[in-house]
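Put chain B on the given structure of chain A with help from the hints.
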Amino acid sequence: MSRYPMKTVVSIDIGSTWTKGAVFGLTASGLELLARVSVPTTQSNLVVGFHETLARLLHQDSHTSLEELKDRAEVFFSSSAKGGLRIAAIGLVPDLTLQLAKLAAMSAGGKVIKSFSFSLTSSDVKELEKLSPDIILFSGGTDGGNSKYVLENAHKLESSRLSCPVVYAGNRAVAEEVVNIMKSREVIVTENLMPEIGQVNIEPAREKIREIFLKRIVVGRGLAEIVELFGAQPKPTPLAVFELISAIPEFYPEWSDLAAIDIGGATTDFYSNTESYLETDTVVLKGIREPKVKRTVEGDLGLRVSARSLFETGQDYLQDRLREEGLEFKDMEEFVGRISDKIDYLPVGDKEKKFDQLLAEACIYYAALRHIGGWKEVYTPQGKVYMQTGKDLRRVKAIIGSGGFLSEERTAAVMDIPLRKLRNYGEEIKLLPEKADFYRDRYYLFSLLGNLIEKYPREASTLAVASVEKLNQKGEQND
Amino acid sequence: MENQKDTIVIGVIGSDCHSVGNKILEMFFTSEGFKVVNLGVMVSQQEFVDAAIETNARAILVSSLYGHAEIDCQGFRELCIEKGLDPIILYIGGNLAVGKTPFSVVEEKFKKMGFDRVFPPDIDLKQVAELLRQDIKEKFGSCSKGQEARDRANQAGLENQSQAANQIGQGDKNDRKEPEGSTAE
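Those protein sequence lines, which keep their order, are chains A and B. Count the first sequence with my numbering and you get residues 1 to 479, in order. Count the second sequence with my numbering and you get residues 1 to 185, in order.
Note that these hints are calculated values from the structure, not bench results. Treat the hints with care, as some may be off.
As the list claims (entries may be wrong) - Lysine-lysine pairs mimicking BS3-like chemistry, simulated, CA-CA at most 30 Å apart:
#1 A/LYS376 to B/LYS5
#2 B/LYS111 to A/LYS148
#3 B/LYS100 to A/LYS148
#4 B/LYS83 to A/LYS148
#5 A/LYS130 to B/LYS83
#6 B/LYS83 to A/LYS286
#7 A/LYS70 to A/LYS102
#8 A/LYS156 to B/LYS111
#9 A/LYS384 to B/LYS5
#10 B/LYS111 to A/LYS126
#11 B/LYS5 to A/LYS286
#12 B/LYS5 to A/LYS114
#13 A/LYS376 to B/LYS126
Looking at chain A on its own, in the form it has when it is part of the complex (with noise of 0.2 Å):
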């Protein structure tokens, strides 16, 4: 095997769809990407698609054993376990523990599938049943603060049929409380998201969040064989993009203030790392102040298996760029019905292309009106005051697409567009990137890369900044 260098390490995320995979030649000098594939997730066993990329990256015919495989190579894996953990997220007063609860839920990997704030009530208690979640969330409360919610809905869930586990991430002060109540659940308890008013903790219920997938993710359909053959634990696929983007400023300070979309068939996935608010005298934040690394995924924002959700939300959007375009409405109401059938269809021709393109500039605009906070002008009469909600982007100097088709993408047309509409959203200014430049994954590599980050933070963060290439700003649109 003198074609490969000092070491040779593969990394492999096992989608809902695909199973990718890279090898990489691991010098003296870093990582070097030696190869890439891509093989159909075999979804009864996943064992047997991870075997197939696995002996294909390593030129191995598919009859070496697991076994062989395993000494030719240091393996790393994520899996997004059916499109990522189902995460039901409880708080108390929505704009305070609540919004923690999701921000939380969404960084440690997960999607949230409901919220819900205040009381549960009988129909809330039905609801949740019926969703089935992979985890709860469960806060409320600073710590000495408001128990009375807390302790209410812990015996509505203790009288659910829920089986899922419970994640305590509520009033410290009462955690004992909600353990003795929930008797015949799993609950796991943490610190408080959110121990002071304004006080963002949400590292621990992260951690804890992260934990359960493990062990939740490896049960069943032979992801167990491969952890104890590797002796490796899986990672969250959106984990290992999420802990990209924090490593990358660590190593490469030029890269500080940057953000990663990644658009997929099913959601789209938002990620900043840069300071969210910068105290002055002109500008109030209200809320909570967002941590520096934030995800946001946008479960009805898809290219695919989501379309029909996202033509629904992106109405507004669309008709205007429809308009400007000059193709008409009904016409991409049929493309949207056919793709939605037939989620692995192709575009065919140039105005399905746009089509697809004008749908992936959506699942952008809606994105990122919901990761990105605004400002509210507001007189007083000290001056001219600005009221800031959510976090500040202005700072972010690069914009990195990922995914299969932001990887794709020539211009950086279908992320400037949808961002540039962006800037006249209603009243509120919002807070987008000044003076961004757009980049592509060039060979979709971030949430493999994204596998390597723990065991080999300087290299990986390397080569995620060497295979990034940047796009012409202007863009030719019509390409």
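Below, chain B alone, put in the same frame as chain A:
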């Protein structure tokens, strides 16, 4: 025993950004043995109420210095009731009206709006703290533990402090006449 302190929420309501007095109130009430949640300046009714719910606060102390309190506080008590904060104690203090309206008129107006106590800008803060302790005891049957003992021990000290705070409170009034450069653009 951190948990036994009574929590109060303070802040300056509306589009008012007088921040000096607000910080003094935080220091003062903290030294009086309360757990103070300070929301700072330009606080909306909703924010006061949200913070009071999460922290299980006994009282909300609203400040206003710029003369628009009446408009800003419209429906405050109703919002509290709507959100299930029925027994919460509401205080308001500061320059609550523009011009030379007699204080008794102002007081009546705000009491009608559902505020339990209304204070002029030159009130002795020590007195406010006493009233607050009484009101909390009456409504919730508790008061800041250990406070009386501490009061006795620090009597002289507290006296000075409240006087000082009062003087600075007067200083805050001057802010109104000369808008603070720091909060204006």
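**Item:** Given hint B/LYS5 paired with A/LYS384 - CA-CA distance at most 30 Å
**Value:** Between A/LYS384 and B/LYS5 the Cα gap is close to 38 Å, so the pair fails against 30 Å, i.e. violated.
**Request:** Verify the proposed pairing of A/LYS156 with B/LYS111, using a straight-line Cα cut of 30 Å.
**Result:** Violated - the C-alpha atoms of B/LYS111 and A/LYS156 are around 39 Å apart, more than 30 Å.
**Item:** Pair hint B/LYS83 and A/LYS286, alpha-carbon separation not exceeding 30 Å
**Value:** OK: B/LYS83 and A/LYS286 at ~20 Å, within 30 Å.
**Proposed proximity, B/LYS126 with A/LYS376 (alpha carbon, max 30 Å)** = violated (38 Å)
**Prompt:** Hey, B/LYS5 versus A/LYS286, does the alpha-carbon distance stay inside 30 Å?
**Reply:** Satisfied, since the Cα-Cα distance of roughly 26 Å is no more than 30 Å.
**Request:** Would you mind confirming whether the straight-line C-alpha gap from A/LYS70 to A/LYS102 stays at or under 30 Å?
**Result:** Judged against 30 Å, a Cα distance of about 38 Å means the pair is violated.
**Given hint A/LYS148 paired with B/LYS100 - CA-CA distance at most 30 Å** = Violated: B/LYS100 and A/LYS148 sit about 45 Å apart, past 30 Å.
**Request:** Take a quick look at whether A/LYS376 and B/LYS5 sit within 30 Å of each other, Cα to Cα.
**Result:** Violated: A/LYS376 and B/LYS5 sit about 36 Å apart, past 30 Å.
**Message:** Hint check: B/LYS83 vs A/LYS148, CA-CA at most 30 Å. Holds or violated?
**Reply:** OK: B/LYS83 and A/LYS148 at ~13 Å, within 30 Å.
**Holds or violated: B/LYS111 to A/LYS126, with C-alpha atoms at most 30 Å apart** = violated (44 Å)
**Prompt:** If you draw a straight line from the CA of A/LYS130 to the CA of B/LYS83, is it 30 Å or shorter?
**Reply:** Holds: A/LYS130 and B/LYS83 sit about 29 Å apart, inside 30 Å.
**Prompt:** Is B/LYS111 within 30 Å of A/LYS148, Cα to Cα?
**Reply:** At roughly 29 Å apart (the allowed maximum being 30 Å), A/LYS148 and B/LYS111 satisfy the hint.
Hints 1, 3, 7, 8, 9, 10, 12, 13 from the list above are not met by this structure, while the remaining hints are.
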